[in-house]
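Novice: Chains as they are written, first to last, in our numbering: chain A, 1 to 257; chain B, 1 to 433; chain C, 1 to 546; chain D, 1 to 664.
No lab work stands behind these hints: they were computed from the structure.
We treat Cβ as the ideally placed atom computed from N, Cα and C, and that holds for glycine.
One or more hints might be untrue.
As the list claims (entries may be wrong) - If we take Cβ atoms under 7 Å as the criterion, some of the chain C residues that face chain B in the derived model are:
| no. | residue |
| --- | --- |
| 1 | GLY182 |
| 2 | SER186 |
| 3 | ARG200 |
| 4 | LYS468 |
| 5 | ARG497 |
Stated by the list, open to error - Pairs of lysine to any residue residues, derived as SDA-like cross-links and limited to a Cα-Cα distance of at most 20 Å, are as follows:
| no. | chain 1 | residue 1 | chain 2 | residue 2 |
| --- | --- | --- | --- | --- |
| 6 | A | LYS83 | A | GLY70 |
| 7 | B | LYS168 | D | LYS344 |
| 8 | B | LYS309 | D | THR598 |
| 9 | B | LYS177 | B | ASP101 |
| 10 | C | LYS331 | C | GLU278 |
| 11 | A | LYS83 | D | GLU639 |
| 12 | A | LYS133 | D | GLU605 |
| 13 | D | LYS170 | A | TYR29 |
| 14 | B | LYS209 | C | ASN28 |
| 15 | A | LYS206 | A | ALA167 |
| 16 | D | LYS496 | D | SER468 |
| 17 | B | LYS114 | A | LYS176 |
| 18 | B | LYS149 | B | THR34 |
| 19 | B | LYS157 | B | LYS177 |
| 20 | B | LYS382 | D | LEU497 |
| 21 | C | LYS496 | C | GLU528 |
| 22 | A | LYS5 | D | MET167 |
| 23 | B | LYS95 | B | GLU150 |
| 24 | D | LYS252 | B | ARG384 |
| 25 | C | LYS50 | C | LEU37 |
| 26 | A | LYS206 | A | GLY238 |
| 27 | D | LYS496 | C | LYS420 |
| 28 | A | LYS234 | D | SER468 |
| 29 | D | LYS344 | D | GLY325 |
| 30 | A | LYS176 | D | GLY361 |
| 31 | C | LYS468 | B | ILE333 |
| 32 | B | LYS344 | B | ASN326 |
| 33 | C | LYS468 | B | LYS382 |
| 34 | A | LYS234 | D | GLU639 |
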Amino acid sequence: MTEFKPKIIGFLCNWCSYAGADLAGVSRYQYPPDIRIIRVMCSARIDPMIIFTLFKEGADGILVGGCHLGDCHYISGNYHTEKRAYVIEKLIEKTGMEPERFRLEWISASEGERFSKVVGEFTETIRGLGPSKVKEDPELETKIGAAVGTTLSFRIRALLGHEIQMAEGGNVYGEKVAEEELQKIVDQAVEVEFRRNHILEIASSKPSSAKELSQVVGIPPDEVVNHIATLRQKNLLGIDHIDGMTPFYVALLAGGD
Amino acid sequence: MSTDVMVIGGGIAGIQASLDIADKGGHVILVEKTPSIGGRMAQLDKTFPTNDCSICILAPKMADCYSHPNIDVMTYSEVIGVEGDAGNFNVNVLKKARYVDETMCTGCEECVVKCPVKLPNEFDQGLGERKAIYMPFAQAVPRVVTIDKENCIWFIKEKCGACKILCKREAIDYDQKDEEVNINVGSIIVAIGYDLWDPTPASEYGYGKYPNVFTGMEYERMINASGPTGGEMQRRSDGKRPHKLAFIQCVGSRNPQLGHAYCCSVCCMFSTKEAMLAREHHEDIDSAIFYKDLRAFGKGFWEYVERAKKDYGVRYINSDATVQENPKNNNPIVVYDVAGRPEKEEFDMVVLATTLIPRSDAVKVAEMIGIPLTQFGFFESKDRILGPVDTKRDGVFLAGYCREPMDIPESVAEGSAAAARAVETVLEKGVSV
Amino acid sequence: MQEGEVETGQETVTTATFEPNIVAFCCNWCSYAGADLAGVSRMQYPHGIKIIRVMCSGRIEPSFVLDAIESGADGVLVTGCHIGDCHYVSGNEKAEKRTKMITELLDILGVGSDRFRLEWISASEAAKFAQTMNEFSEHITQLGPNPLKFVEPEPPDEGAGSSEIIKELIQDTGAFDCVECGKCTSVCSVANNDPEFAPRLIVVKALEGIGAELAREKDIWSCTSCGECSAMCPYKVDYAEFIRGLRVESAMLGTVPICSQGGLLHSMMRIMANSDFEQNRLEWVDEELQIADTGDVFYFTGCQPQLDAIFQNRELNLTDIGRSAVKIMNKAGVVPVVSNNEKCCGHDLNWIGDEANVELLMNHNLDLIRKSGAKTVVYTCAECYRTFNIDYQAMAGDLEFRMVHMTEYLNELIDAGKLKFKEGTDLKVTYHEPCRLSRHCGIYDAPRDALAKINGIDLIEMERIRDKAACCGVSAWLNCDGTAKKLQIERMIEAKRTGADAVLTNCPKCYIHLDCSIRDEIPVEREEVEIPLKDFTVVVAEALED
Amino acid sequence: MEPEEQPPAASEEPTEEVPETPAQPEEKVPEAQPGTEEQPPETPTETEDQPPETPATLDSDEVRIGAFICHCGTNIGGFVDVPAVVEYAKTLPNVVYATDNLYSCAEDGLASIRDAIKEHKLNRVIVASCTPRTHAPLFQSVCEEAGLNKYLFEFANIREQCSWVHMKEKEEATQKAKDLVRSAISKAALLVPQEEMRVDVVPRSLVIGGGVAGLSAALSVARQGFDVHLVEKEAELGGFVRNLNSLSLAVKSAAETIKPLIDDAMSHENITVHLNSQVEQVNGFIGNFDTTIVTDGSSKEVKVGTIIVATGALEYIPEGFYGYGMYDNVVTLTEFEILAKNHKLPKIQNVAFIQCVGSKGQDKSYCSRICCGVSIKNALYIMENYADIVGEEGGGRVEVDVSVPEISSRRRRRRRITSAEGPGAPGGAPSGGPEITIFNRDVVTYGAEHEIYYNKAREKRIRFVRYSLENLPKVKLEGEKLAVSYFHQTLKTDRKLLADMVVLATPLVAPPDASELSKKLKVPLGQDGFFLEAHMKLRPIDFATDGIFVCGTARGPADITESVAQGLGCASRAAIPMARGFIQAEAILAQVDPTICTGCGTCVENCPYGAIRMTDEGTAEVLAAACKGCGCCGATCPEKAITMMNYTDEQLLAQGRSILEGVP
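Next up, chain A with everything else stripped away, as it sits in the complex (with noise of 0.2 Å):
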């Protein structure tokens, strides 16, 4: 078996961590060779889907990196980052996939060296966990996938939107809402949303009955019934057919909220 080199995509931030990369370069830093670096300007533009998308196209790593707290070039970008981080790895909890094969650092302009070292870090943890599974496991496959619609979910997205003023600014109402409650709102929001998904995705390759979904999904059929009513009156289930009193459903490629 040849050596297993990492697929490591890093996403960095113009100002601050793009720059400590430079940074590293210009100070001879070495690192392992494995990361490759794409460019964005603020690390809150990197979109949740754009992880994910990744992973299930074979990533075996990816690394965010963004100014520090308080540092961001545009005022507060990088606590959006924060917000969603904690959604991408909360989803990659549910799709089973390792958790460390997702981080995000803040990383200023003048840590060269802790950006080769965190590079070296990550770079050694992937090569311990070994290449993606995503090719090789359906299932994997299958829940990275529900995790790409999770990220496209209005829900999710429009809760990561509005998180931050509604815990600093108060919603419409001015109430403001607790960070602790917030926080219980966002992972309901997960966890519900995933497994819509998840029942989208396997409906999507094959359609299946509730009974089915309930088997692969993992959840109670009367939860299972429940989404597939909301799928359904979103649109974006459809029943393909139905075998005696067994309806099968369908993933719908149009639809929407």
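Dock chains B, C and D against chain A, hints included.
Specialist: Same frame as chain A, now just chains B, C and D:
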């Protein structure tokens, strides 16, 4: 007659003034004495009260300034003569030979690696090393190396020449000569910043005598990730990292006996920041700040101090102090006053907030331009209330610390203010011609 | 007033009816018993003799004798058991040794040693007692009355130390400038060793208007006025002067400080201030030394002869300083005025708050110098130099003659090419800075410059030098205590650590104090402190070309 | 800056030196002239009449990519097999040309790029060399010179992030370089030309607030040749300073000192002063704000390009502190100044100032910066000017030498001698003069100028006593006097003094209407209620929203000198867009697809620059002039209706996927 503006000093005040004028379409000649622009702010690790990474926020401005089509940046250059009047100053600038062709050097530093001469690095307050051919600091602008002629073997013995042999771009030019350039400008902005006072004469603080007594700027370079110790605090005596830090305020300042009766405006916050950063480096660090009056007067400063106390466990002790040493372990012992009685506490590192003093060449610059200095050696405003950035000489303006001790935001605001006045001047003079 | 002091009424004395007042100290076991026996035996002796009983003649301090003289006694008699008979084994032997010092001192001062006598009288020698009394009384009658001008002590001034006066002090010493930074506290040698003393509190209390009590504080006597605090003070609050001012007030309230040597030295100074005796202070002037009565340069010797007498058991040979100074000047072709009529500068009285006597001494000395025609006065003593420079000029206005310390003068002479130094000197020295010269008068460079100009003498500096130099521990013969001892030993350790061959100082007092510190039991190993102590001027003179 | 003397436009300049960072939009535009003459206000126009920069070669749909791989001497070439990378690049889709350069940034390297664009009809260019943060602008301008839109350029960093960090693994480094080149090429294929927006700027400023800061700002803007509308709430100009009796550094009274400023503003032809007026409504964005100024009920529409906020601050009213409102002679600092100014001070000999009343962790959390200086100023005023009403013999008072004498030269004349010379002799302390105590938590006389006054105050025997928050002084009426009892921190005892007057130094606070104005302008307030600048360090007088600036005490406590400097600073900042005449935004912008947008407003909330607004149609719209291109909005748009130009999802995914592909 000229509508150009000359800005003397490439620190944050000078950079801001230059950018403001250039963005309006004015032409700026920015003259900087050292090989890179950036000034003092480039040396800092973080800035209070946000703990922003200093170089992260400064570097884009440095780059903007250098690449701005309306700004001619003259680094390693000094103003040596000023004649004429507002609207028509003739300024002589000495462009010192850096023995490197600025246009050819790519900043790869290949030459630096091979240069055999090791010297203390000024940018790192002498804590790290640099070579005789050197990049002043990693983020320097322009990213061009400079040869320190005084210490270069080629210039001393006509031997070596390693850099010249190595440089594929043939950027090394030992025959480069200092050059005098005469520049006609309509207005001048002086923003030459400050120097750091060497606290060795105030031997009661033990600097230079006890190895583990550091100046604030030395400490700042140490905790900087791109500094000489890679961001780690290291005792000079044994290279170990400290667990107990003492910060002593007003070392040299607010002390007419040590020559500086004024307050530097920034040290209380500077030390607060440093104490907080120490804690961020290591959870177990205990810091104490010895102060005369806690001057946390800027926006969010008092809250910052409260945070340092509450969240970072920084102790504030209202007393000046002197330093002794435990000869057994080279630990500095801080002696201070509690209700009139002396108390002693052993630390393993002491950081001195030393005075930020007028530039050593402020007197020369003042004489050259013909503007007066205050009793402390800062440039004197024409009208200390309504014309802070104006000088007694028409067409010459001031910005930043060289006028009055102030912090970065105030220097930036003054950079802009001086820019406004300079533009007003050249517009007025320009129209009258 | 000291313990064991005698009250003697001043009587109007005329030569015709002179009845000498004599104080006789008698030991309990022999002479007092002898006196009793004389009484029992109804042996007559003059009524002017007042007997003071002490347990042993060894109890008699030299200061008792001077105090008696100062207080108007025409003669002082000390009696004890015969040698070998002492109830306390050898107390009388000690008394005998001390007698030598007393007689020498009385001679130097011009009081005359013949106004003092020591006699051994046993309990059975009633006749000898009476005879001695008669003889001594007769002898004193011959000598005539004590010519000392007795000054009635002023009654305590209850207004002293008032808040108005304290305000003036605050004004004069810049105490209002205190920003309570506490740097003074951190360097105060005394505060760092004495758990009671807090120098800054004294000023803070004054500023708070609790000043009236200040003159009664005992802390004001603990300060060595070394000026380490002021040297450190950002605004140069003059603590030393502040303390001195308070001591003046305290003295006016009648406070008598506890002085070392039982106040002997202060007595001596007061005697000088209030007499015009023909002194005998020039014994040290060897034949090869050339001195004059008038001339351009006056060498103000200070108290070397008296100190040599007082500390004779320690063989300090402080008069070597004077000999060296004159030798140096002679070598340079200068014949200085050295006067037998010179009196103490008054430094120590000044620092215990006795300004009246300082003024008397000043007037005498200034008159003397003016009469000598000197344009330059040279000092080898840091205290004399300070007192002239600061205190005299404060009281008498600017002085018309030039005052130079020997270290400065040496630089002048060397620079003028008037002094040559021999080859072969090889001495590494370190230098203990006297506060009066350095912090008080700002002379830091002169001694160092001078040493640098001398062949073969290398200066190795101690850790605490110049304005941060540590104190010798004692000033104005006050507060010689455990704290002082600690400071002295600290300083000697510091000197020893330099690895120098000797430690030099420029002040006879520093010399005496540092020397004293390591004579007795010390809490550290001897090798940590033992380093030869030398006077600056002496060392320079030794390095001169023959 | 005369028009005749303008240097040639930047885009025409040969770029020989190496720029160091991605270009800011401002850098590449032809410069404008400060509008010295009146210009009519214009409505914002997206200048579509700009000549398109589309190169001639982009007329076909065919993507033709040129790849230039740099050796950077041996910096890359020494560790990466550059020829192999070139050969590899040639095999990649859409690549029609690939070559190596010894130094791509050198003139010959640049020429090779220029020539290849023409020769090979390239419509995308990638350079694989160093970091885009310093070199992208250089290569972009080369593309532009060759007629290629600069947004069709892409960079691969194979030096800082490859050759230099993998110096011991040539093979790996070469592989990585290939991957990075492939990644860049995959993005390049998706690049589309972008137009940079231009929006004209109305050359007129609105200055809100006629205090010292606003006056300084208005005058400087006017002197730089632009119209100014100065709006002042009160009936006269001068602001807070009008209340004041004296100024620390001034020889004249406060009113006289600032009079020239007011006179100049009133008489300047470019300044229109609106007294008794308020800004009612503000709409629009940088360059084109529509504002309504209401004066005594009548409103007036004014269109301006920039806005300067200089609304000042008020003094905190210390209700419930130290007997304020209960005892007659307990006054605030400003009340004291007004009394002094009107010569209505009562007979006072003993005065206590109490600092930090209600500030530093009390009702207000902050230190108000200037109060120590102001208290000292007033204390000195009493010392110097009120001797006649406070002392019995004012004439006998003594001037104290300002310099600090050396201990060695200090010559204290003995009191006995002095008293013989009579009262008033040098060295004798004054008697009967005012006695002033300043109770403080820290004396905050920062800098050189303020500290001089602190030193002077002590020389004048003004007493400073420190107290702590745990042990506040107490003020009680005792007969005719005010008894101030306090705990002395050094002496550790309770003390008391009797004062004729107690002056409370209270913090400056934001005026109540600040929050209303902040909503109108859509700019934030900080926690302390003062206006919040864009960045505490480097953008102290800018708002995050372009075109609006803040100065003086509206921003936070500041002394008069600082307010003037900030006013001038704002004038400089505000003049920039007006002098240029237009705003040109870099085309890395968010774009909303109105057909997808549901108008949920998430993006509006998330944009740190207020660059997104809702249109009348209920969809979001990006204000190109204000957008900075961070992409925060796009990443959270629930409907994914927002595209980040130049960093589209497709482009990022293409880059990511291309990396994952490995060698095809």
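Novice: Would you mind marking each hint as holding or not holding in the structure?
Specialist: Hint by hint, here is what the structure shows:
1. Residue-level restraint check for GLY182 of chain C holds (minimum Cβ-Cβ distance to chain B is 2 Å; threshold 7 Å).
2. A hinted interface residue such as SER186 of chain C counts as satisfied when its beta carbon comes closer than 7 Å to some beta carbon of chain B; here the least separation is about 4 Å, so the hint holds.
3. Hint status for ARG200 of chain C relative to chain B: holds, with the closest Cβ pair at about 4 Å, below 7 Å.
4. Evaluation of the LYS468 of chain C hint against chain B yields a held restraint, the C-beta minimum of about 6 Å falling below 7 Å.
5. Checking ARG497 of chain C against chain B by beta carbon gives a least distance of about 10 Å; that is not within 7 Å, so the hint is violated.
6. Between LYS83 of chain A and GLY70 of chain A, the direct Cα distance comes to roughly 14 Å. Compliance with the 20 Å bound is thereby established for this hinted pair.
7. This hinted pair does not check out: LYS168 of chain B and LYS344 of chain D have alpha carbons roughly 82 Å apart, beyond 20 Å.
8. Between LYS309 of chain B and THR598 of chain D the CA atoms are separated by roughly 48 Å; this puts the pair beyond 20 Å, and the hint is violated.
9. Under the criterion of a C-alpha separation no larger than 20 Å, the hint pairing LYS177 of chain B with ASP101 of chain B is consistent with the structure, at around 11 Å.
10. Simply put, LYS331 of chain C and GLU278 of chain C have alpha-carbon atoms about 30 Å apart, too far for the 20 Å limit, and the pair is violated.
11. Proposed proximity of LYS83 of chain A and GLU639 of chain D is supported: the alpha carbons are some 19 Å apart, at most 20 Å.
12. Between the alpha carbons of LYS133 of chain A and GLU605 of chain D the distance comes to roughly 39 Å, so the proposed pair goes past 20 Å and is violated.
13. A distance of roughly 16 Å separates the Cα atoms of LYS170 of chain D and TYR29 of chain A; the hinted pair therefore holds under the 20 Å criterion.
14. Restraint check for LYS209 of chain B and ASN28 of chain C: not satisfied, since their Cα atoms lie roughly 61 Å apart, outside the 20 Å limit.
15. Between LYS206 of chain A and ALA167 of chain A, the direct Cα distance comes to roughly 42 Å. Violation of the 20 Å bound is thereby established for this hinted pair.
16. Restraint check for LYS496 of chain D and SER468 of chain D: the C-alpha separation of about 16 Å stays at or below 20 Å, so the hint holds.
17. With a CA separation close to 61 Å, the supplied pair LYS114 of chain B and LYS176 of chain A exceeds the 20 Å bound.
18. Of the supplied pair hints, the one linking LYS149 of chain B and THR34 of chain B holds, its CA atoms being roughly 14 Å apart against a limit of 20 Å.
19. A hinted pair counts as satisfied when its Cα atoms are at most 20 Å apart, and LYS157 of chain B with LYS177 of chain B qualifies at roughly 18 Å.
20. Among the hinted pairs, LYS382 of chain B with LEU497 of chain D is inconsistent with the structure: their alpha-carbon atoms are about 43 Å apart, more than 20 Å.
21. Among the hinted pairs, LYS496 of chain C with GLU528 of chain C is consistent with the structure: their alpha-carbon atoms are about 7 Å apart, no more than 20 Å.
22. For the suggested pair LYS5 of chain A and MET167 of chain D, the alpha carbons sit about 18 Å apart, so the restraint of at most 20 Å is met.
23. Of the pairs offered as hints, the one joining LYS95 of chain B and GLU150 of chain B holds, with about 17 Å between alpha carbons and a cut-off of 20 Å not exceeded.
24. The suggested pairing of LYS252 of chain D with ARG384 of chain B holds, with an alpha-carbon distance near 13 Å, which does not exceed 20 Å.
25. A C-alpha spacing of about 16 Å is found between LYS50 of chain C and LEU37 of chain C, which places the hinted pair at or below 20 Å, so the restraint holds.
26. Between the alpha carbons of LYS206 of chain A and GLY238 of chain A the distance comes to roughly 12 Å, so the proposed pair stays at or under 20 Å and holds.
27. For the given pair, LYS496 of chain D sits about 68 Å from LYS420 of chain C by alpha-carbon distance, which is inconsistent with the 20 Å threshold.
28. The hinted pair formed by LYS234 of chain A and SER468 of chain D fails the criterion: a straight-line CA distance of about 64 Å is larger than 20 Å.
29. A hinted pair counts as satisfied when its Cα atoms are at most 20 Å apart, and LYS344 of chain D with GLY325 of chain D qualifies at roughly 18 Å.
30. Straight-line distance between C-alpha atoms of LYS176 of chain A and GLY361 of chain D comes to about 24 Å, which puts the hinted pair past the 20 Å bound.
31. Restraint check: the Cα-Cα separation between LYS468 of chain C and ILE333 of chain B comes to about 17 Å, which is no more than 20 Å; the hinted pair holds.
32. For the given pair, LYS344 of chain B sits about 11 Å from ASN326 of chain B by alpha-carbon distance, which is consistent with the 20 Å threshold.
33. For the suggested pair LYS468 of chain C and LYS382 of chain B, the alpha carbons sit about 41 Å apart, so the restraint of at most 20 Å is broken.
34. At most 20 Å may separate the alpha-carbon atoms for a hinted pair to count; LYS234 of chain A and GLU639 of chain D meet this at roughly 14 Å.
In summary, the numbered hints that this structure violates are 5, 7, 8, 10, 12, 14, 15, 17, 20, 27, 28, 30, 33.
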